[in-house]
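Participant: Quick mapping for you: the protein sequence lines, in order, are chains A and V.
Quick note on the working numbering: the first sequence kicks off at 1 and runs consecutively.
Quick note on the working numbering: the second sequence kicks off at 1 and runs consecutively.
Since the hints were derived computationally from the structure, they do not count as laboratory data.
Hints are supplied without guarantee of correctness; some may be wrong.
[Said to hold, decoys possible] Here are some of the chain V residues that sit facing chain A, going by a computed Cβ distance under 8 Å:
hint	residue
1	Met1
2	Gln41
3	Pro45
4	Phe144
5	Val231
6	Ala288
7	Ala308
All C-beta atoms in this analysis are idealised placements derived from N, C-alpha and C, irrespective of residue type, glycine included.
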Amino acid sequence: MKFDTPATTNPIDQLKVVGQPIDRIDGPLKTTGTARYAYDRHDVVGNQAYGFVVGAAIAKGRIRSMELAAAKAAPGVIAIVTAQNAGKLAKGSRNTAVLLGGPEIQHYHQAVALVVAETFEQARAAAYLVQIEYAQEKGAFDLDAVKDTATVGRSVAGGDVAESRVGDFDAAFAAAAVQLDATYTTAYESHSMMEPHASIAAWDGDRLTLWTSNQMIAWTVEDMAHTLGIDAQKIRVLSPYVGGGFGGKLFLRADIVLAALGARVAQRPVKVSLQRALMPNNTTHRAATIQRIRIGTDKDGRIGAIAHESWSGDLPGGRPEAASMPTRSIYAGANRMTANRLAVLDLPEASAMRAPGEAPGLAALEIAMDEMAEKLGMDPIEFRILNDTQVVPDYPQKPRSQDPQAMVEPKKALDPNPPFSQRQFAQCFRVGAARFGWSARSTKPGSIRDGRWLVGIGVAAALRDNLLTKSAARVRLDRRGVVTVETDMTDIGTGSYTIIAQTAAEMMGVPLDKVVVRLGDSSFPVSCGSGGQWGGNNSTAGVYAACVKLREAIGERAGLGSSELVFADGSVRAGARSVALADVARDRELVAEDLIEYGDLDKRYQQSTFGAHFVEVGVDAATCETRVRRMLAVCAAGRILNPKTARSQVIGAMTMGVGAALMEELFVDRRYGYFVNHDLASYEVPVHADIPHQEVIFLDETDPISSPMKAKGVAELGICGVAAAIANAIHNATGVRVRNYPITLDKLITQMPMTT
Amino acid sequence: MKPFTYEKPSSPAEAAAAAARVEGARFIAGGTNLLDLMKLQIETPSHLIDLNDVGLDKIEATDQGGLRVGALVRNTDLAADWRVRRDYGVLTRALVAGASGQIRNQATTAGNLLQRTRCPYFYDTNQPCNKRSPGSGCGAIGGFSRQHAIVGVNDACIATHPSDMAVAMRVLDANVETVRSDGSTRTITIADFHRLPGDTPHIENALEAGELITAVVLPAPAGGTHVYRKVRDRASYAFALVSVAAIVQPDGTGKVALGGVAHKPWRVEAAESQTGRGAKAVASELLADARTTHDNAFKVPLVERTLASVMAEAKAQP
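Starting from the given sequences, assemble the full structure and let the hints guide the process.
Facilitator: This is how it looks when you write it as structure tokens:
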């Protein structure tokens with residue numbers, strides 16, 4: 001189905017099932033431990049051996065020698081895979097560093113060996129017997145030190161250009177009545193999902209089956225085939241349940257490659273889970289950024305000049321963190337400049353994590369907006385609304401990217417300033433302000449006290465684009481009247497199973513218990529996968545397309561002609577005639593397959609989601625510890641397919657925003673070139689005690705430009721802007737402006753007077 | 001994890017004797033720290049002596065009016081004991097500020113005293129650490145040292161002791177009772193129990209090889225207002241950046257111990273005479289010989305401010 005004109009009324013608009021707060025259909029499986037995650041798939045293939053990964057002990061250099069004899073002789077050891085015996089391996093098109101290092105080492109904890117043994121304990125014990133000598137080389141590990149060597153990145157996620165200019169920023173900024181020129185930093189962060197990267201591999205002749213934990217099934221098949229140099233048709237990947245990904249499982253990683261190599265050498269199935277302590281350095285992370293923001297306004301607060309430059313680092317061949325991207329479209333202003341610059345660092349591979357670009361970018365920009373409002377003596381909300389725009393002020397004519405890491409096909413706008421399909425930006429603030437009690441905010445920072453605590457509230461804007469990408473599904477109707485959906489879409493804890501079931505139930509007029517959803521299998525039609533908040537809208541639109549075809553097939557088989565068909569209560573009706581769906585399929589199952597693909601609506605309109613985050617914090621007047629007291633997110637994100645799962649997505653994202661604001665940071669040892677706090681005891685993410693009352697409001701919205709579902713992505717919107725709202729609340733509470741994340745007490749303590 | 005042999009004796013004396021018999025033996029009780037370190041190949045005992053059948057799991061009144069806490073009493077049970085809650089509030093508060101409910105259910109009183117540092121260089125076997133690999137150097141000095149010690153440090157080691165409970169024990173003047181492998185017993189004051197790094201940071205306490213803790217004895221209640229304040233980046237399940245255990249008497253005198261600043265619970269009795277002169281005076285005495293890094297210099301003002309807040313809190317309580 002080609003979607004190239006705005007959606008009109010369709011069966012989804014009935015909202016009998018779609019739009020309802022349905023419990024997750026996979027919830028009971030998860031709460032009873034019967035949803036089997038990759039490493040738990042003892043049932044799928046016998047005789048599984050265990051692999052344990054050995055990570056490089058240096059950041060950069062070469063392996064001089066490897067002594068494997070002791071490990072090979074250890075009890076239970078079956079095989080050891082290294083670059084020497086693994087055969088020729090290519091690098092996956094979406095990877096920056098290779099997944100099995102040696103003799104060259106590109107980063108700390110890069111996998112250099114897999115020890116395969118009868119038991120996990122034997123593999124681990126033997127792995128500690130592997131002796132490796134390295135020739136260590138000097139590397140670049142300090143972003144500050146290499147910042148000036150940075151160049152404009154070749155492109156950013158999505159294939160967009162890394163630099164843009166509109167008008168004459170320098171002249172307009174110089175002439176502006178009120179100016180801000182400030183520099184902000186965001187930290188290196190680790191995805192820290194609950195389930196580590198884990199895979200089981202089994203060969204049957206030249207056919208390879210992989211049970212894994214991954215967000216993007218088709219990418220995994222493609223990059224696995226490329227890496228091993230085998231035919232993609234011979235690979236099957238299954239990932240029906242994923243215990244969190246947050247961008248860390250978008251791509252092929254070492255666990256799955258090593259499992260396949262281990263199984264080939266051991267000649268039996270092998271399972272591998274990356275050890276937790278390896279994850280921050282072995283896998284990908286979010287790059288740290290340095291961001292310079294300049295804003296110039298007239299005396300009334302209208303932005304005339306805005307520039308946002310970002311610097312980050314990555315291994316050679318990597319891409320910049322696209323922190324300045326949201327600044328191209330969030331506020332009006334005639335003269336503008338953005339740049340995403342990239343320096344070479346020999347730290348582990350940087351990549352997508354939890355709203356790449358927007359999350360760190362808005363973390364900085366939205367403090368800058370708060371600072372500007374303060375300079376202008378304006379209310380921060382009024383200042384933002386004054387600079388609202390209904391068209392994209394900076395829309396670079398985007399070239400078709402050759403970048404294989406581009407996650408979606410880049411687009412070229414038909415209009416240099418395309419309108420937004422929907423933009424309830426101001427409405428998010430108005431609704432939120434009323435709900436949160438914004439009018440009670442003290443305009444004098446540091447003036448509200450509650451016992452030990454200095455109390456403040458802050459606000460920030462959220463923006464995240466809605467990305468369109470094709471997505472296919474297959475739908476079956478059997479003689480029990482059961483509708484089965486098959487697509488390689490993944491559910492990474494987001495609720496995909498449930499919204500897909502709701503879509504099929506609505507389209508086919510059956511109750512949810514007559515719908516079966518099967519996901520995460522490369523033998524199913526290729527979906528959009530999960531990432532970039534594109535999963536919900538695109539995958540359900542693909543299911544919609546397949547259901548339209550199935551409806552036609554049912555009408556034809558039932559002999560109902562081409563008249564208007566009504567699907568309801570398990571039957572199909574045309575005029576006075578009604579046939580039960582089970583009867584239509586009594587003799588033979590019906591199968592339909594289709595995909596949604598998009599015309600140029602996303603070139604004629606910019607599709608984005610918007611939000612406003614409100615946060616109240618307390619800062620201990622003595623210790624300077626910050627604790628969040630309450631949070632509110634107001635989101636405008638198209639039709640909400642399931643308010644319950646969408647809310648879960650948003651409160652999870654808000655929690656990640658608390659992490660980014662207050663505690664999450666991978667610390668770099670600048671001598672040895674690695675992230676030092678590489679476990680969950682020392683890399684702190686928020687715990688329950690950190691998360692207070694959270695509220696989410698979804699504005700009533702349908703967006704017929706986006707898809708037949710009239711929905712948009714919503715997940716990552718929930719993190720964008722949260723960190724800045726917290727930073728602004730801390731300023732409101734204390735009068736101290738911190739521009740370096742995370743805002744830990746050491747950054748406040750020298751600036752806060754001691755009062756008890 | 002290195003393969004090991006295992007036994008489960010049924011009395012403390014047997015356990016101590018077993019430790020003398022096998023070289024490289026270690027006691028295991030709750031296992032909340034030792035097992036993790038074994039999995040990471042940081043601890044590599046050849047033999048484990050499981051203490052879970054030796055008894056030592058009671059809290060009993062002493063003739064001196066205090067409490068004898070068996071070595072195997074779980075952190076949860078110790079924190080919840082009504083006598084502890086009534087007379088030793090600082091201890092209950094310190095215990096519940098540590099770890100998680102599940103870990104406290106498993107962790108024991110003696111094991112808590114013996115837990116090892118959380119320094120990330122100690123935890124990464126690729127890196128130098130004098131504590132894990134004597135003579136290899138200290139990775140934290142010149143590296144990432146935000147959590148690290150600011151007093152009692154030297155060029156060999158700047159690790160902290162991570163326990164909350166031990167800080168409360170220190171301010172309570174607890175005593176550690178042991179049995180040695182020859183069957184003899186002795187009492188070690190909590191002040192003498194933990195060591196500063198010196199030239200041998202891998203030796204962390206006064207126990208001899210094979211010596212087993214049997215109990216920790218609390219003296220008769222000291223009265224006063226008991227406060228334990230733990231400062232950290234997140235609200236739960238994090239080690240202290242700084243913690244303060246304080247017992248403040250109605251006349252303003254008091255006792256103070258610090259966590260998160262040294263290789264051992266940090267107390268300077270001389271500083272306590274300054275309590276009448278305010279937190280600044282006490283803190284400057286406590287941290288007289290502080291030696292900070294770029295990353296942990298904030299702990300100096302943090303100690304003073306936390307102390308001031310704790311003293312104000314104690315004063316405000318009836």
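Participant: For every hint, state whether the structure bears it out.
Facilitator: Evaluated hints:
Hint status for methionine 1 (chain V) relative to chain A: holds, with the closest Cβ pair at about 6 Å, below 8 Å. Hint status for glutamine 41 (chain V): holds, given a least beta-carbon distance of 5 Å to chain A, under 8 Å. A cut of 8 Å between beta carbons decides the hint on proline 45 (chain V): the least distance to chain A is about 14 Å, and the hint is violated. For phenylalanine 144 (chain V), the shortest C-beta to C-beta distance to chain A is roughly 4 Å, which falls under 8 Å, so the interface hint holds.
At its closest, the beta carbon of valine 231 (chain V) sits 5 Å from a beta carbon of chain A; the interface hint therefore holds under the 8 Å criterion. The beta carbon of alanine 288 (chain V) is not positioned within 8 Å of any beta carbon in chain A (closest approach about 20 Å), and the interface hint is therefore violated. Against a cut-off of 8 Å between C-beta atoms, the interface hint on alanine 308 (chain V) holds, since the closest Cβ of chain A lies about 5 Å away.
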